[in-house]
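Undergrad: Each chain, written out:
2 protein chains.
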Amino acid sequence: MAAPLPDCSRLCIHSITTKPWSLPEIIDGYTRAGVPALTLWRMHYEDNGVIEAAKRLRDSALRVTSLCRGGFFTASSARDREHAKDENRRIIDEAVVLGTNLIVLVCGATPGIPLPEQRRQILDGIAAVLPHAQTAKVRLAIEPLHPMYADSRSAVNTLEQANNMVTALNSDWLGVTIDVYHLWWDPTLKSEIERAGRSLFSFHVSDWRTPTRDILNDRALMGEGCIDIPAIRAWVEHTGFRGDIEVEIFSNTYWEQDQAGFLQRIKQAYLTHV
Amino acid sequence: MAAPLPDCSRLCIHSITTKPWSLPEIIDGYTRAGVPALTLWRMHYEDNGVIEAAKRLRDSALRVTSLCRGGFFTASSARDREHAKDENRRIIDEAVVLGTNLIVLVCGATPGIPLPEQRRQILDGIAAVLPHAQTAKVRLAIEPLHPMYADSRSAVNTLEQANNMVTALNSDWLGVTIDVYHLWWDPTLKSEIERAGRSLFSFHVSDWRTPTRDILNDRALMGEGCIDIPAIRAWVEHTGFRGDIEVEIFSNTYWEQDQAGFLQRIKQAYLTHV
Chain A
223 MAAPLPDCSR LCIHSITTKP WSLPEIIDGY TRAGVPALTL WRMHYEDNGV
273 IEAAKRLRDS ALRVTSLCRG GFFTASSARD REHAKDENRR IIDEAVVLGT
323 NLIVLVCGAT PGIPLPEQRR QILDGIAAVL PHAQTAKVRL AIEPLHPMYA
373 DSRSAVNTLE QANNMVTALN SDWLGVTIDV YHLWWDPTLK SEIERAGRSL
423 FSFHVSDWRT PTRDILNDRA LMGEGCIDIP AIRAWVEHTG FRGDIEVEIF
473 SNTYWEQDQA GFLQRIKQAY LTHV
Chain B
223 MAAPLPDCSR LCIHSITTKP WSLPEIIDGY TRAGVPALTL WRMHYEDNGV
273 IEAAKRLRDS ALRVTSLCRG GFFTASSARD REHAKDENRR IIDEAVVLGT
323 NLIVLVCGAT PGIPLPEQRR QILDGIAAVL PHAQTAKVRL AIEPLHPMYA
373 DSRSAVNTLE QANNMVTALN SDWLGVTIDV YHLWWDPTLK SEIERAGRSL
423 FSFHVSDWRT PTRDILNDRA LMGEGCIDIP AIRAWVEHTG FRGDIEVEIF
473 SNTYWEQDQA GFLQRIKQAY LTHV
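Chains as they are written, first to last, in the numbering used here: chain A, 223 to 496; chain B, 223 to 496.
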């Protein structure tokens, strides 16, 4: 009897993972590698626009799991905060054009504003754009970011904080993203994943390298680091989650390598360590 | 009427902050700068031994606020964990020689061991050395480390976790260290500082630089970053804490500069931003 075919049907890769590639190269490369889905980063259509990107993706067999990223709701001035809301409404429209029903929110952080005040700004920003998301039938997922990004990327740094926001706004269109890189250390991760339940909208994987050489762009391939990804995946799936499993790796090291070869390593790591 | 003399009576500097200096240079430099206290890092007596260091310090007017650092209780083998306990008993003896009654514990982390198991190892390690600490009249302070150090430095990453350990072991000789760099993002920081109460043994300051260029050695001088240090100091002092305020800065940038000039900048930052 032959070994079972490796199952990559739920494998999704974030386009930033293969940052050196253009969108056409991504579509071609992922298709050749048998990767069925991608999460698209906005940088990958900033040159030629979302409409052309949507056409290319419709012509491919690739599924667009989600759009990365909305958010960045914090700012010192009310005018900048209103601008951020408008920008998020525009991103929701882009998701519709791209044919995906999910946007990941990196909520934002502005050095110098007290964190509780920033979290109020974030809640206010999400509340303001939720009606537009509902009309567009696009879900928004709050992604808690690692506390090392609390200064300038997100003031939401634990799953409990994200769940609290979902509870407060009480909408079927708002949920959370679990990224093992951001949350693996969180002492209440297991119970908060259980609490998220049906509002757990997406799941990101990579690994934590020891030593980490760059605070932003040194994520490791699954299996190269210290994160117990299968344990976290089991907690995630215990909620009933059966969506795509999204590989999101920012890595100066991997970006320097041949991206087609890197895709093969990702597939192998996904099959072995997730 | 003359302006009040700047009050540096509670200013303590960690010897690693001026890492390029030898212990004699530290004693001379801090004394000239009017810094009344230091927390001594073990590296500063590894060449000439603790007895000579103790003699030099006794001959100076400097107060030794604490000894950095004990801990590192986690390990894959029972033998290595026993070795760590022995090492901590030795560090307690060194504290006695140095004439300080406080040791900071960086509790340790070992990639690949599940975090809950590591925390059990840490609790077991502290419990094993506490009787020796009590006999020596040396207090042990658990320092929660930033979650970006959860892989290889400490599996204790929130003040709640540290407080839980203090509660569990219930000894007057065990408490916590609050370091603003490690804990500023912690959503329950204020309430957990209040909970720590009289077991709040020491207080470390520095600042979080945006962007942070190195995960270990890019701490900023107070006032250069996004941490609201006066707010955290107020919470700390609300518990009744009146101990030294310890400046602990790991910085490749500052280590390259003239250390006497750096000390003057530290004093100014302490008087202005703490």
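Keep in mind that the hints were calculated from the coordinates and are not lab data. Remember, predicted model here, so these are calculated numbers, not experimental data. Each residue gets a CB set at the ideal place from its N, CA and C atoms; glycine is no exception. One thing to keep in mind: the hints can contain errors.
[Stated by the list, open to error] Quick list of the computed label-pair ranges, beta carbon to beta carbon:
| no. | chain 1 | residue 1 | chain 2 | residue 2 | range |
| --- | --- | --- | --- | --- | --- |
| 1 | B | A456 | A | R254 | 48 to 54 Å |
| 2 | B | N439 | A | R464 | 51 to 57 Å |
| 3 | A | Q486 | B | A358 | 55 to 61 Å |
| 4 | B | R285 | A | G334 | 33 to 39 Å |
[Said to hold, decoys possible] The calculated EDC-like cross-link candidates involving lysine to aspartate or glutamate, where the alpha carbons are at most 20 Å apart (straight line), are:
| no. | chain 1 | residue 1 | chain 2 | residue 2 |
| --- | --- | --- | --- | --- |
| 5 | B | K241 | B | D394 |
| 6 | A | K359 | A | D302 |
| 7 | B | K489 | B | D440 |
| 8 | A | K241 | A | D229 |
| 9 | B | K489 | B | D250 |
| 10 | B | K412 | A | E478 |
| 11 | A | K412 | B | E339 |
| 12 | B | K412 | A | D394 |
| 13 | B | K277 | B | D302 |
| 14 | A | K412 | B | D250 |
| 15 | A | K359 | A | E382 |
| 16 | B | K359 | B | E382 |
Undergrad: Quick one, are K359/A and E382/A close enough, alpha carbons at most 20 Å?
TA: violated, 26 Å
Undergrad: Are the Cα positions of K489/B and D250/B separated by 20 Å at most?
TA: holds, 16 Å
Undergrad: Is K241/A close enough to D229/A, meaning Cα to Cα at most 20 Å?
TA: violated, 25 Å
Undergrad: Taking the Cβ atom of A456/B and the Cβ atom of R254/A, is their distance within the range 48 to 54 Å?
TA: With a Cβ separation near 60 Å, A456/B and R254/A fall outside 48 to 54 Å, so the hint is violated.
Undergrad: So the hint says 51 to 57 Å: do the beta-carbon atoms of N439/B and R464/A match that?
TA: violated, 44 Å
Undergrad: Given the hint of 55 to 61 Å, is the C-beta distance from Q486/A to A358/B inside that range or not?
TA: holds, 58 Å
Undergrad: Straight-line Cα separation of K412/B and D394/A no greater than 20 Å?
TA: The given pair, whose Cα atoms are some 33 Å apart, is violated under the 20 Å limit.
Undergrad: Holds or violated: are the alpha carbons of K277/B and D302/B at most 20 Å from each other?
TA: violated, 32 Å
Undergrad: For the pair supplied as a hint, K241/B and D394/B, confirm whether the alpha-carbon distance does not exceed 20 Å.
TA: violated, 32 Å
Undergrad: Is the distance from the Cβ of R285/B to the Cβ of G334/A consistent with 33 to 39 Å?
TA: holds, 34 Å
Undergrad: Checking one constraint from the list: CA of K359/B to CA of E382/B, max 20 Å. Satisfied?
TA: Given pair K359/B, E382/B is violated - Cα atoms ~25 Å apart, limit 20 Å.
Undergrad: When you check the alpha-carbon spacing of K359/A and D302/A, does it fall within 20 Å?
TA: violated, 26 Å
Hint compliance for this structure: hints 1, 2, 5, 6, 8, 10, 12, 13, 14, 15 and 16 are not met, and every other hint is.
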